[in-house]
Amino acid sequence: MHKLLFGVLMVVVWWMLHALQWEEERAMGLLYEMKRAVNRSAHAAAQQADRDRLELGIPSIDPGLARAAADLYLQANLRLDRDFRPLPGSPLRHPPAVLVFEVINGEHEFPYTYYNPEYNFRVTLRRPGVVMVVRAEYPRLFSVMGPVVWQIKGAAELVHV
Amino acid sequence: MKQLLVFVLFAPLFCWLAFSPVYKHVLLVRQALLQQEADYLLEIGASGAYGYIDREMVAESRLRLARYGFRPELLEYDIESTNGMPADQPAEPLPRGVGLRLEIRYPYERLLDIDRLIGLDVPGPEGRIAASGMKMSEYVP
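As they're listed, the protein sequences go chains X and V.
First residue of the first sequence? That's 3 in our numbering, and the numbers climb one at a time after it.
First residue of the second sequence? That's 97 in our numbering, and the numbers climb one at a time after it.
Next up, chain V with everything else stripped away, as it sits in the complex (with noise of 0.2 Å):
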């Protein structure tokens, strides 16, 4: 009797002991993957081919992410320039000396609902996981 009553009052601790890990270790490896988009995207919008990152390259980008079990749909792409010049029209690329800057975010999914049950606050359905860099821009005229 009283170690079933042991257990009952620690069950949720058991249950955030036995699965917080899974939930922490998917949200590393999503973090991990969202910037590795994000350093691909740069490397090739900021060289010299390109100066730019359009619309057709985060099609493909969400896409690719998609792969990865990401909803594409919720994936958001912030693209922007150092000097305030559009990023993402291929007709004006960014020449050299200018910072493409690119930031992709992505909702928790209730990742970290589980830490709830040991009394931790967690983020609210706006919080988002982000992966970012700025690259200077290799494009020349």
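Bound conformation, chain X alone (with noise of 0.2 Å):
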């Protein structure tokens, strides 16, 4: 009888690491497929030059084509809905959240240091750019592991002609 008790028992341990081993690889996978959207958002919005000031030969970006911009391609890149709730299809459960977002434009001198020091982001620019943070929540499959929610950090610069 023990010995049976002893199987089960190992059943149980081997499943929950097979669980914990399967579910940190696919965080590890969610992880880098977030930080990838989050960079793609970022040089969408950087991308979008202002063109009366660029005919002035400012090169600057249009905060607020910068933002739509940001966010349409943080949406196509999670499969998100405008609200940023999850479509089917999503790899995410939890509607992520833009934390920050600014528009670093002509107003300082490059290279500029940006420092964020409630998210410790840092990151030197050296024409006009776009940084942001996204909040986002991993979707567990067990409970085996701790709830994980991630704070990905993500800058881009203006690309000159």
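Certain hints may be false.
[Said to hold, decoys possible] Here are the simulated SDA-like cross-link-like pairs (lysine to any residue), alpha carbons at most 20 Å apart as the crow flies:
#1 V/Lys-120 / X/Val-15
#2 V/Lys-98 / X/Met-3
#3 V/Lys-120 / X/Phe-144
#4 X/Lys-37 / V/Glu-139
#5 X/Lys-37 / X/Phe-86
#6 X/Lys-37 / V/Leu-129
#7 V/Lys-120 / X/Ala-21
#8 X/Lys-37 / X/Asp-83
#9 X/Lys-37 / X/Glu-120
#10 X/Lys-5 / V/Cys-111
#11 X/Lys-37 / V/Val-125
#12 X/Lys-5 / V/Leu-105
#13 V/Lys-120 / X/Pro-141
#14 V/Lys-120 / X/Trp-17
#15 X/Lys-5 / V/Ala-107
#16 X/Lys-5 / V/Leu-109
#17 V/Lys-120 / X/Leu-19
[Said to hold, decoys possible] Computed list of chain V residues with no C-beta within reach of chain X, every gap over 10 Å:
#18 Ile-140
#19 Tyr-146
#20 Leu-159
#21 Arg-160
#22 Leu-161
#23 Ala-162
#24 Arg-163
#25 Gln-185
#26 Ala-187
#27 Glu-188
#28 Leu-207
#29 Gly-220
#30 Gly-223
Simulated from the structure, these hints should not be mistaken for laboratory data.
Heads up, the beta-carbon is just placed ideally off N, CA and C, and yes, glycines get one too.
Given two chains presented individually in distinct reference frames, assemble the corresponding complex, making use of the accompanying hints.
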């Protein structure tokens, strides 16, 4: 009898290890996917050049267009709807939130080092650019692992012609 | 006798416990490889030098993935733009501001069939693992 009990116990332990390993690998994959989505939306936002000021020879970014582009690319890459709620096929279960979105324009001297003490995010921009921080939660399949919440940081510079 | 009976009763469960982690791991690695390839193609395709992902780039990508054990003829590539322009024509690259969307799909190839041992539903032959992304083109004429 105790042999059977031991067997069942081993099955449970083995299965928990298996679940933990699978979960960690999936979480790692999702973290990278999120990072790429954030990078792409920062990249799209940083390309929204302000044409009127560009004509005057000042490269700068239109903040309104930049925010719209960033949201659009985040939604497309993570398959979210307009209110950031996950659509079917999305890797997320909880809506992500854009915590920081800042457009760094000509009001600063370049190279400019942006520093955000709240998220401990430091980046040096050589040209006008965009910095953003997105919060996302990993959708756990099993509860063998504690909840995982990421603050994903991304930055991009205006690409010069 | 009793032990033998217990073993026979639990044999499918033991098989599943022993081998399913390997299959799951292969699946995760394949997914990661597809995603890596999609990112690479997008990075190159959306850069200022190209603005498209043409047939030649897709053929090279198939070869790269074949080196990891994918069967190149089963890989499916979907290349689209956000404004309806063809995104695979070197003659008309997507201008800056237009998004380049790519999806690579590959069948499960019965990797999850082992889950049948414990009575889970498995995706059918038309099920696909997919990696996708959208990046804004940087190309300026």
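Outcome of the hint check:
1. Pair hint V/Lys-120 plus X/Val-15 holds up; C-alpha atoms about 18 Å apart against a cutoff of 20 Å.
2. Note on V/Lys-98 and X/Met-3: the hinted pairing holds, with a Cα-Cα distance of about 10 Å set against a maximum of 20 Å.
3. For the hint pairing V/Lys-120 with X/Phe-144, the CA-to-CA distance comes to about 15 Å; that is within 20 Å, so the pair holds.
4. Between X/Lys-37 and V/Glu-139, the direct Cα distance comes to roughly 14 Å. Compliance with the 20 Å bound is thereby established for this hinted pair.
5. Under the criterion of a C-alpha separation no larger than 20 Å, the hint pairing X/Lys-37 with X/Phe-86 is consistent with the structure, at around 16 Å.
6. Note on X/Lys-37 and V/Leu-129: the hinted pairing holds, with a Cα-Cα distance of about 16 Å set against a maximum of 20 Å.
7. Note on V/Lys-120 and X/Ala-21: the hinted pairing holds, with a Cα-Cα distance of about 10 Å set against a maximum of 20 Å.
8. With a C-alpha separation of about 19 Å, the suggested pairing of X/Lys-37 with X/Asp-83 holds against the 20 Å cut-off.
9. With a C-alpha separation of about 19 Å, the suggested pair X/Lys-37 and X/Glu-120 falls inside the 20 Å cut-off, and the hint holds.
10. With a C-alpha separation of about 19 Å, the suggested pairing of X/Lys-5 with V/Cys-111 holds against the 20 Å cut-off.
11. Straight-line distance between C-alpha atoms of X/Lys-37 and V/Val-125 comes to about 18 Å, which keeps the hinted pair within the 20 Å bound.
12. A hinted pair counts as satisfied when its Cα atoms are at most 20 Å apart, and X/Lys-5 with V/Leu-105 qualifies at roughly 15 Å.
13. The hinted pair formed by V/Lys-120 and X/Pro-141 meets the criterion: a straight-line CA distance of about 18 Å does not exceed 20 Å.
14. Only pairs whose Cα atoms come within 20 Å are accepted, and V/Lys-120 paired with X/Trp-17 is accepted, the gap being roughly 13 Å.
15. For the given pair, X/Lys-5 sits about 16 Å from V/Ala-107 by alpha-carbon distance, which is consistent with the 20 Å threshold.
16. A C-alpha spacing of about 17 Å is found between X/Lys-5 and V/Leu-109, which places the hinted pair at or below 20 Å, so the restraint holds.
17. Of the supplied pair hints, the one linking V/Lys-120 and X/Leu-19 holds, its CA atoms being roughly 13 Å apart against a limit of 20 Å.
18. For V/Ile-140, the requirement that its beta carbon stay farther than 10 Å from each beta carbon of chain X is met, with the minimum near 14 Å.
19. Non-interface call for V/Tyr-146 relative to chain X: holds, since the shortest CB-CB distance, roughly 14 Å, exceeds 10 Å.
20. For V/Leu-159, the condition that its CB be more than 10 Å from all CB atoms of chain X holds, with the nearest at approximately 23 Å.
21. Non-interface call for V/Arg-160 relative to chain X: holds, since the shortest CB-CB distance, roughly 18 Å, exceeds 10 Å.
22. Every Cβ of chain X is farther than 10 Å from the Cβ of V/Leu-161; the closest lies at roughly 17 Å, confirming the non-interface assignment.
23. For V/Ala-162, the condition that its CB be more than 10 Å from all CB atoms of chain X holds, with the nearest at approximately 22 Å.
24. With a least CB separation of 21 Å from chain X, V/Arg-163 remains clear of the 10 Å interface cut-off, as annotated.
25. Residue placement check: V/Gln-185 keeps its beta carbon more than 10 Å from all beta carbons of chain X (closest about 22 Å).
26. The claim that V/Ala-187 lies off the interface holds: its Cβ sits roughly 21 Å from the closest Cβ of chain X, which is beyond the 10 Å cut-off.
27. Remark: the non-interface label on V/Glu-188 is consistent with the geometry, its nearest Cβ contact in chain X lying 19 Å away (cut-off 10 Å).
28. For V/Leu-207, the requirement that its beta carbon stay farther than 10 Å from each beta carbon of chain X is met, with the minimum near 13 Å.
29. At the 10 Å boundary, the C-beta of V/Gly-220 stays outside the reach of chain X, the nearest C-beta of that chain being 17 Å off.
30. Look at V/Gly-223: its CB is around 13 Å from the nearest CB on chain X, clear of 10 Å, so calling it non-interface holds up.
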